[in-house]
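Okay, here's what each chain looks like letter by letter:
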Amino acid sequence: MAADYSKLSLKEAVAAAREAGPDAILQSVAERSARLNPKLNALLRFDAKRVSAGSGAGVLGGVPIAVKDNICVDGWETTCASKILQGHVPPYDATVIEKIKAAGGVIFGQANMDEFAFGSSSETSAWGPVRNPWDLERVPGGSSGGSAAAVAADMAFAALGSDTGGSIRQPAAFCGVVGLKPTYGRISRYGLIAFGSSFDQIGPITKTVEDSALLMNVLAGHDPKDSTSAPQAVPDYTRALVGNVKGLKVGVPEDFFAAGLDPEIEKSVRTSIKLLENAGAQIVPVALPHAKYSVAVYYIVAVAEASSNLGRFDGVRFGRRVQGADLIEMYKKTRSDGFGAEAKRRILLGTFVLSAGYYDAYYLQGQKVRTLIRQDFSTAFEKADLILSPTTPTPPFKIGEKLTDPLAMYLSDIFTIPANLAGVPALSVPCGFTASGLPIGVQLMGRPFEESVILRAAHTIEQTLNLRARKPMLEGAAV
Amino acid sequence: MSFEIQKLADLARLELKPEEKAKLEKDLAAILSYVDELRKLNTAAVEPTSHVLNMENVFREDQVRESGVRDKTLKHAPQTEGTLFKVPKTVDKES
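So the protein sequences, as listed, match chains A and B. In terms of the working numbering, the first sequence is residues 4 to 482. In terms of the working numbering, the second sequence is residues 3 to 97.
These are computed hints drawn from the structure, not numbers from a lab. Where a beta carbon is used, it is the ideal one built from N, C-alpha and C, also for glycine. Fair warning: there could be bad hints in the mix.
[Stated by the list, open to error] Chain A stretches covered by chain B per the calculated footprint, using a threshold of three residues with CB under 8 Å from any CB of chain B:
1. 313 to 322
2. 348 to 358
[What the hints assert, rightly or not] Below are the DSSO-like pairs computed for lysine-lysine, each with C-alpha atoms no more than 27 Å apart in a straight line:
3. K77(B) - K295(A)
4. K336(A) - K77(B)
5. K52(A) - K74(B)
6. K88(B) - K86(A)
7. K19(B) - K336(A)
8. K228(A) - K74(B)
9. K52(A) - K77(B)
10. K86(A) - K77(B)
11. K25(B) - K401(A)
12. K91(B) - K336(A)
13. K102(A) - K74(B)
14. K28(B) - K42(B)
15. K28(B) - K86(A)
16. K336(A) - K74(B)
17. K401(A) - K91(B)
18. K25(B) - K86(A)
19. K23(B) - K252(A)
20. K42(B) - K371(A)
21. K19(B) - K228(A)
22. K74(B) - K104(A)
23. K74(B) - K86(A)
24. K25(B) - K336(A)
25. K88(B) - K336(A)
26. K91(B) - K74(B)
27. K277(A) - K474(A)
28. K42(B) - K86(A)
29. K102(A) - K77(B)
30. K86(A) - K42(A)
31. K23(B) - K336(A)
32. K42(B) - K336(A)
33. K86(A) - K9(B)
34. K91(B) - K86(A)
35. K42(B) - K295(A)
36. K104(A) - K77(B)
Let's have the full structure, built from the sequences with the hints guiding it.
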């Protein structure tokens with residue numbers, strides 16, 4: 004039997020590819036994905052035969068990486084897990100795909116997700132729900148649930164996700180992996196199928212903090228093809244992992260620990276606070292008094308942007324078409340047949356808040372409260388170098404539990420949405436497990452373009468807790 | 003807050019089945035009543051946020067380049083004729 008390399012981190016896999024050759028590395032994850040994907044439904048498409056392991060050169064030397072199915076890959080069907088994009092084959096690579104390929108990485112699987120990234124559970128995919136590797140009856144989080152589940156189950160060494168209201172961090176927390184949403188504009192979105200254009204960011208989902216830094220070095224930077232990408236210089240993120248947090252001011256918003264927070268999560272997150280304090284960080288109280296309005300602001304502004312962005316799916320240029328007697332009927336039949344329930348809900352809600360007579364009361368008011376939330380962050384970051392909170396209010400919930408109650412589903416993103424509204428970088432790093440063995444994540448939010456600061460603190464939490472050896476029981480034993 | 007689900011569906015180019023309509027109507031009402039909490043805040047003096055980086059007017063030189071994607075794009079389009087996307091007739095002879 005060939006050696007199994009699938010458990011390695013991205014960094015370890017790059018080293019192993021140099022020793023054993025990139026083909027052996029690719030075969031390990033291909034074999035494992037073939038075995039586990041029928042249980043998890045984490046990947047929509049993967050086939051080792053359609054990719055070449057390459058020469059093994061470059062910082063990602065021949066190592067396979069999974070990408071969320073809303074990132075365009077030249078010549079590969081890319082659907083956003085929606086029926087309306089069935090048969091959509093992009094004629095170009097997203098900038099992040101170009102960058103991974105240029106660094107020697109191999110695009111391997113395309114990861115399942117909530118349809119158009121609308122969801123917090125990866126249940127709204129047109130191709131069925133993703134299952135959590137730690138408990139197959141539970142959701143992996145969403146919307147990048149396939150990416151997080153694939154990394155947690157060692158079906159990929161790392162994956163790309165996208166985060167509009169927590170879609171990288173919440174599934175990372177639910178699956179026990181590291182998920183980073185960079186500063187708005189830090190990574191090019193050229194080739195990311197748009198959801199909420201003033202929020203969307205691509206980011207890495209990885210097994211370790213170091214892998215996150217390694218991928219950020221590849222992905223970050225200005226792109227002339229994305230006019231919203233930021234011109235700021237890109238540091239070497241791996242240099243942030245210095246192994247100490249001495250003097251770092253860690254802000255703790257007590258409001259985030261109020262009623263509704265699961266007691267096991269509270270205990271675990273408070274242990275991380277203590278850990279940082281013991282390592283020399285200074286803990287300071289901070290207040291984000293308007294953060295409680297985040298979910299409301301988000302479900303006005305983000306759905307408005309979504310309804311507008313989804314206007315382009317009309318059966319004319321790509322994806323599926325359902326014929327109609329005239330153009331309008333063709334649009335209506337195509338869209339009604341192609342979009343799932345949550346997509347329709349958000350399109351209608353977005354249409355309403357932008358419609359004549361309601362724009363000021365909803366959309367404009369939402370944008371103004373967004374300003375108040377940004378101001379809260381600015382004030383907090385005068386006192387603190389980073390802000391620490393739970394990533395999620397509860398552990399992973401049961402499949403089906405929140406699917407019929409949209410508001411309950413939306414509220415599961417209550418701690419992650421504020422960072423998107425403010426545009427600041429935020430990551431989730433594993434900080435423990437519940438008594439029943441479900442992963443818990445702690446969220447670190449930083450000042451704009453200070454990914455290095457949150458990576459540094461996350462690295463200390465990770466190295467101190469040393470949780471990586473614990474693996475999900477996927478085949479009767481921990482594999 | 004009041005909305006007419008059929009009018010929204012028409013604006014959004016969606017055809018809703020009766021059972022879908024009832025469920026969506028209920029969901030939208032619940033979500034809108036939740037977001038109504040924002041109305042309590044006095045924002046008369048607050049500027050709206052449309053872009054968190056405060057960037058505006060990002061210009062570049064207008065240069066002609068080959069994108070080279072025409073054939074690949076047309077190959078996967080729902081319906082084409084020659085080098086064009088084909089759609090149902092939109093203009094009558096009379097008008």
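Against the structure, the hints come out as follows:
| no. | hint | result |
| --- | --- | --- |
| 1 | 313 to 322 | holds (count 6) |
| 2 | 348 to 358 | holds (count 7) |
| 3 | K77(B) - K295(A) | violated (48 Å) |
| 4 | K336(A) - K77(B) | holds (23 Å) |
| 5 | K52(A) - K74(B) | holds (22 Å) |
| 6 | K88(B) - K86(A) | holds (21 Å) |
| 7 | K19(B) - K336(A) | holds (12 Å) |
| 8 | K228(A) - K74(B) | holds (20 Å) |
| 9 | K52(A) - K77(B) | holds (23 Å) |
| 10 | K86(A) - K77(B) | holds (19 Å) |
| 11 | K25(B) - K401(A) | holds (22 Å) |
| 12 | K91(B) - K336(A) | holds (16 Å) |
| 13 | K102(A) - K74(B) | holds (22 Å) |
| 14 | K28(B) - K42(B) | holds (23 Å) |
| 15 | K28(B) - K86(A) | holds (25 Å) |
| 16 | K336(A) - K74(B) | holds (26 Å) |
| 17 | K401(A) - K91(B) | violated (48 Å) |
| 18 | K25(B) - K86(A) | holds (21 Å) |
| 19 | K23(B) - K252(A) | violated (51 Å) |
| 20 | K42(B) - K371(A) | holds (13 Å) |
| 21 | K19(B) - K228(A) | violated (41 Å) |
| 22 | K74(B) - K104(A) | holds (20 Å) |
| 23 | K74(B) - K86(A) | holds (21 Å) |
| 24 | K25(B) - K336(A) | holds (20 Å) |
| 25 | K88(B) - K336(A) | holds (17 Å) |
| 26 | K91(B) - K74(B) | holds (25 Å) |
| 27 | K277(A) - K474(A) | holds (25 Å) |
| 28 | K42(B) - K86(A) | violated (40 Å) |
| 29 | K102(A) - K77(B) | holds (26 Å) |
| 30 | K86(A) - K42(A) | holds (22 Å) |
| 31 | K23(B) - K336(A) | holds (16 Å) |
| 32 | K42(B) - K336(A) | violated (40 Å) |
| 33 | K86(A) - K9(B) | holds (25 Å) |
| 34 | K91(B) - K86(A) | holds (25 Å) |
| 35 | K42(B) - K295(A) | holds (13 Å) |
| 36 | K104(A) - K77(B) | holds (25 Å) |
Checked against the numbered hints given earlier, this structure breaks hints 3, 17, 19, 21, 28, 32; the rest are met.
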